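Peer 1: The listed protein sequences derive, respectively, from chains A and B.
Using the working numbering, the letters of the first sequence correspond one by one to residues 32 to 672.
Using the working numbering, the letters of the second sequence correspond one by one to residues 32 to 672.
The set of hints was computed from the structure by calculation and includes no laboratory data.
Please read these numbers as outputs of a predicted model, since none were measured by experiment.
If a hint is listed, it holds; no wrong ones were tucked in.
The list makes no distinction among identical chains, and a pair is therefore deemed to hold if it is satisfied within one copy or across any two copies.
Distance condition first, Cα-Cα at most 25 Å in a straight line; then the derived PhoX-like pairs of lysine-lysine:
1) LYS204 - LYS215
2) LYS204 - LYS350
3) LYS234 - LYS291
4) LYS376 - LYS204
5) LYS204 - LYS291
6) LYS408 - LYS603
7) LYS234 - LYS350
8) LYS350 - LYS215
9) LYS234 - LYS622
10) LYS204 - LYS234
11) LYS291 - LYS47
2 protein chains.
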Amino acid sequence: MFDVTVKLPHDTVTVKAAAGENLLQVLRTAGVQLDAPCNGNGTCGKCRVKLEKGRVKRLRPGRQDTAGGGELLLACSCSVTEPLVVTVPGETLLACGSICLERDSSIFAGRYDSVKKAFEALHGRENHLQTAVLQLDEPTLDDNLSDVDRLTRSFRLAAGCDRVIINVEQARKLPHLLRENGFKVAVVYSRLPDGTSRLLDVKAPREHPGYGIAVDVGTTSVAACLVDLENGRVLGEAACTNAQSRYGADVINRIIFATKGDGLHLLQTAVVRESINPLIRELCLHSGLRGDDIVLFSVAANTVMTHLLLGVWPDFLRKEPYIPALTATENIAVTAADLGLCINKNALILLAPSVASYVGGDITAGVTAAFLRETEKNSMLIDLGTNGEIVLGNSEFAMTCACSAGPAFEGGEISCGMRAVAGAIESVAIDGTYTARFKVIGGQKPAGICGSGLIDLIAELKRTGLIDARGRFRKEINTANVVYDAYGVGRYIVAAKERYDIPADIYLTEIDIDNFIRAKAAVYSAACVLLSSLGLDFDDLAEIKVAGGIGNHINLDNAVRIGLFPALNPDKFTFIGNSSLTGSYLSLVNKKATAFMQQAAQQMTYLELSVYPGYMDEFVSASFIPHTDSRRFPSAASDRS
Amino acid sequence: MFDVTVKLPHDTVTVKAAAGENLLQVLRTAGVQLDAPCNGNGTCGKCRVKLEKGRVKRLRPGRQDTAGGGELLLACSCSVTEPLVVTVPGETLLACGSICLERDSSIFAGRYDSVKKAFEALHGRENHLQTAVLQLDEPTLDDNLSDVDRLTRSFRLAAGCDRVIINVEQARKLPHLLRENGFKVAVVYSRLPDGTSRLLDVKAPREHPGYGIAVDVGTTSVAACLVDLENGRVLGEAACTNAQSRYGADVINRIIFATKGDGLHLLQTAVVRESINPLIRELCLHSGLRGDDIVLFSVAANTVMTHLLLGVWPDFLRKEPYIPALTATENIAVTAADLGLCINKNALILLAPSVASYVGGDITAGVTAAFLRETEKNSMLIDLGTNGEIVLGNSEFAMTCACSAGPAFEGGEISCGMRAVAGAIESVAIDGTYTARFKVIGGQKPAGICGSGLIDLIAELKRTGLIDARGRFRKEINTANVVYDAYGVGRYIVAAKERYDIPADIYLTEIDIDNFIRAKAAVYSAACVLLSSLGLDFDDLAEIKVAGGIGNHINLDNAVRIGLFPALNPDKFTFIGNSSLTGSYLSLVNKKATAFMQQAAQQMTYLELSVYPGYMDEFVSASFIPHTDSRRFPSAASDRS
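Bound conformation, chain A alone (with noise of 0.2 Å):
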């Protein structure tokens, strides 16, 4: 075994080898966690490290065949053969990708509070957690109760219940607490099913009942909003990239990378490590709060993300007969300890239940959002994840599917793809030249293109004729933005580097274009059979619910031209953003809609597209710009072709 001694910005860690360990995977040990997401293939070129003592045998054909000194090189590419000293330069280590904070609270306050209403305003309104502010009688010879005993004794008249725990850290904290504060106290407690009330927080006497912290764990992105508990105000959104992708970028990779040696325990820790508590500290900074300020927490995510975040074996999700090891969530009891979770170590978690190995929280707690039971006619509601993810249904019944949509919508596997944040490209037009018109959020540079600009841009390629109906470009037509690689892939360029100064050309390419089309052929023919299999079509649909981090300005009509959505009347329409966020909110914010979700779980029937006959059918029909059945999609036919 060798000494590995590892520096970081702020840090230096030592670890130990053996011979012949990759390099890679002795810093992933030593909790170092570099930006790999091609998993150490060596294809990526992200995971560079600068060796500044020591030799290193390399593990692919290279000048020479070890490395010496002061050489920068790829840690998945090397194994080590003797002691050594690596310096990790901090954008190796950017493994979640930078942090998105919106700070202007205009953007989304209102949209969380409208919803909040709406909830109230038909199924009332219940708080998880409760404060009480006690004023205890001074204690004296005759009266000495202990501290706990006075407390609870207090306690049960103000909140009117028999039997009070108090947790061992609130009993260490009250011996000064009730001294510095003349025995007047504020008690945070939350009450459970069967009338005992559980104390999560004794503190100074403020009325203040603590804040929150919802969640929605998604496959590619990880999106959290910070709430005032008071009044339900939420104070800062935050969103990241899932550090999980660097082991695989769906569902199925993730499984399968879960299985292998110490594969749950590392997607356990990358998903909270590096994605959830970063958002949580960075909400908490940006409102001057900290970790201990969080006592609820409130997470909505797919079946797999939730069992991974929980670190609950995922294998047999993915065998038939396709079992979760959980789905409803209320009788699991679980800690921020448990999770590994920088919050109150009493905070109340509250998981959004799933109904089934590929539907899961993010659903319940999406239609929850969407409100889609509380109308009598026929609604739907698609949620364009990594995972998509459909519901059909009214207040009488919902049904429900899931397809593999791949992280397209989000940006990912997309060359120049990125997620809806400052710097992406959200709308595109192309004009007489070929050459393409945007809109960059934010108004700054561009930097990649997201899920709406997308859209757009396959539109606008297939109504100007550089692509056909498969997606591959027509080489007929002459143009300077369009070129192909040495191996006569073709690539359309959206934004020369020349022209707007930045470091590398944005591009979408035909392999971009493949899994672009894939993603929507996917949920366009989950969405058909789900309908058929009810005997229904997209007309008996009153209302089309869309959900997803795709952007906030989807074309409808660019949408509809590429066969993503049906050609439907656009009032029909409704653009949602992250309704497993929304939902995840309602359930921090209000008990009756962690109720709501539980019911809707249990509620909802679930299709399994995989067996169900005619579905394979359906999507490769649906694998054409718009379909292969152009009468669908009247819009399309005065594209070129």
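Let chain A serve as the given structure and place chain B on it in line with the hints.
Peer 2: Okay, now just chain B, sitting in the frame of chain A:
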């Protein structure tokens, strides 16, 4: 800051130290716990370490002001001035004393069993933990309930309960466990007061409910027994010194230490890591079990020890109006992780309830084990611990008080004192030549004197006229067995090293006798005051039960002659051993005993001796052998005076 490298027998740690820092403190900060009963005063000479490299500054006058490489020195007596390498020898580390494991179950099994049966006959029986073996239906595409829901569905039917809580760790185990056992598993659960069931363990299908550990945390000693929860059988019994002892011999000194710097944390971790956990490991090892097999843990301790074990600030216990942070413990939620116990993470933890600042769970456990409340006649329980506790009561009432006896009964603060374990002199007679004849526990060479031996020894010294009523040696008696040191303090040689081939003489000094007289005076006078507060006398007692780790063979006659116990009919005395541990055991094996203790605690009246008029007079009168009022002890009249 300098690096101090600490070489331990099986490990090496490095810690940073500032110039001028005391080396003992540096080592403690590094988590190295040294045997330092004088807590760094430089008087006990036990914190010896070897200086391998570097020089230190001596804090106390020596031949030189600094010490250099290779020297053996007292860690408490020097400070750091440069980087050091020190070796800590194994014997310096033996902080909690050796563990005394009782392997011969015939010595203890019958005792526990008879108390268990007696309690059951009077109060009935209920287990804390139930076990159910469940055969679940194997899942299919049509019956695709999740693993957790499948388990709880089956469990609800089998156990007849509505609400089930399952910890996330159990959920983590479930997927493989079910599939490896044909969907047949055993569930260990406890029923909460509201009827909810909490699953503590899910395991391969065998009916065995697991194992429990009952502990008595005394101020000086910690004792534990390992229990098979299937039948309540005790598999092993062990005891060791409370490692907190090095931070102070009695509860007042512990409280003072707890309130300084990191003291509370040091005390909490000392008793858990160095006393309780080693006992658990030793007991488990002896029975071939793992810590994970321990699913139930019961602890009885005095109020201060309970506070320190829980890591709760104890300072207000000693300040008027003497308010504990907690007494009734049924509403405190505490986990193995909260305390750092090396048992199953989900183990149920039972804490014996306290009555007041200085009457703790040890006494409510003791009252339960002594069956004091089940008779109409007045009985008294005397617990001869460091904190001497006395209960007077019958089925109608119970009154209790506590006195600070110090550790003398357990051999503490006695030059050659030791606990009642193998090697201890447990009974003594002095012959006509003033030579001691004694019996040693285990029949081996004498190593020290335990409580019962001290009673005999002092009674015999008095009987033979070697000491007077004040415990001073009479210089007029000429014997080689009494010698005087340079300050004129006399000592009696019980076992000369040459005669018994032992490393050093075993002796008793006048200071030792003083300490013992104070202990016996505190107990006797407390008993008197407790009786007189109710207008009663010793003659009104039908029975006196004597508890404590003083030894199994107290010579009652001698105990009366020295004025420890009143001169009553010997039939009225019963010696019941460690009643706190027995009560802790009862609570472990019978939920009704846990409830009985809670009730007993609530019904007990506490008499605060320190404010009771007349107590000091009684104490002063009792501080003689046997007492200023010799008529109370007629048997002592024949002593030579």
